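2 protein chains.
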Amino acid sequence: MESAIGVLVSQFKAYAGTDGSSDTLSRDEFFKLVTLELPNFVKNAGDPVAIDQLMSSLDKDSDGELNFLEFWQLIGHLASKHGGFSQ
Amino acid sequence: MESAIGVLVSQFKAYAGTDGSSDTLSRDEFFKLVTLELPNFVKNAGDPVAIDQLMSSLDKDSDGELNFLEFWQLIGHLASKHGGFSQ
Numbered sequence: 001m002e003s004a005i006g007v008l009v010s011q012f013k014a015y016a017g018t019d020g021s022s023d024t025l026s027r028d029e030f031f032k033l034v035t036l037e038l039p040n041f042v043k044n045a046g047d048p049v050a051i052d053q054l055m056s057s058l059d060k061d062s063d064g065e066l067n068f069l070e071f072w073q074l075i076g077h078l079a080s081k082h083g084g085f086s087q
Numbered sequence: 001m002e003s004a005i006g007v008l009v010s011q012f013k014a015y016a017g018t019d020g021s022s023d024t025l026s027r028d029e030f031f032k033l034v035t036l037e038l039p040n041f042v043k044n045a046g047d048p049v050a051i052d053q054l055m056s057s058l059d060k061d062s063d064g065e066l067n068f069l070e071f072w073q074l075i076g077h078l079a080s081k082h083g084g085f086s087q
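Chains as they are written, first to last, in full-length UniProt numbering: chain A, 1 to 87; chain B, 1 to 87.
Because the hints were derived from the structure by calculation, they are not lab data.
Model, not experiment: these values are computed from the prediction.
Even glycine gets a Cβ: it sits at the ideal position worked out from N, Cα and C.
Heads up, a few of these hints could be off.
Stated by the list, open to error - Here are the computed distance ranges between Cβ atoms for each label pair:
no.	chain 1	residue 1	chain 2	residue 2	range
1	A	Ser86	B	Ser62	13 to 21 Å
2	B	Pro39	A	His77	23 to 31 Å
3	A	Gln11	B	Gly46	24 to 32 Å
This is chain A alone, in the form it adopts within the complex (with noise of 0.2 Å):
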């Protein structure tokens, strides 16, 4: 289980060093983790309007940036959805 979380920071952290804050990830940076790293998981993963509103959803301090924890809500929600629990 620890792997499995250090993979996930290490691959946030990976997508949020390209550009701006290496903590968090900006629009552009969101775009390329979602398409790249869950293709399966996020319907419409390679629409860009589609991946805007997830974003602004996710945004909860509307800073127009994503940190950690704000990420860390999405990837739960798709584990959620990924294995059958009733949100």
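Since the structure of chain A is already known, use the hints to place chain B on it.
Same frame as chain A, but now just chain B:
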């Protein structure tokens, strides 16, 4: 990333399935999971009192069980600490 999410889901299910509802972790199931799977990420992983406190802090609906999203919160905070992100 999707495979790492799959690992976390399947391991949650493996522990949640041993007694009672297979969608939630009982106190015993949670204690086993933390002790065996998160020995490095959770301080005092072997201490029943510490684990009880941890479980109550996560059990938002206080039903004595942890559903997947309640459990996911714990993993998020552990991952955030592991990643060195400000909480």
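Going down the list of hints, with the structure as the test:
{"no.": "1", "hint": "Ser86/A / Ser62/B: 13 to 21 Å", "verdict": "holds, 18 Å"}
{"no.": "2", "hint": "Pro39/B / His77/A: 23 to 31 Å", "verdict": "holds, 28 Å"}
{"no.": "3", "hint": "Gln11/A / Gly46/B: 24 to 32 Å", "verdict": "holds, 30 Å"}
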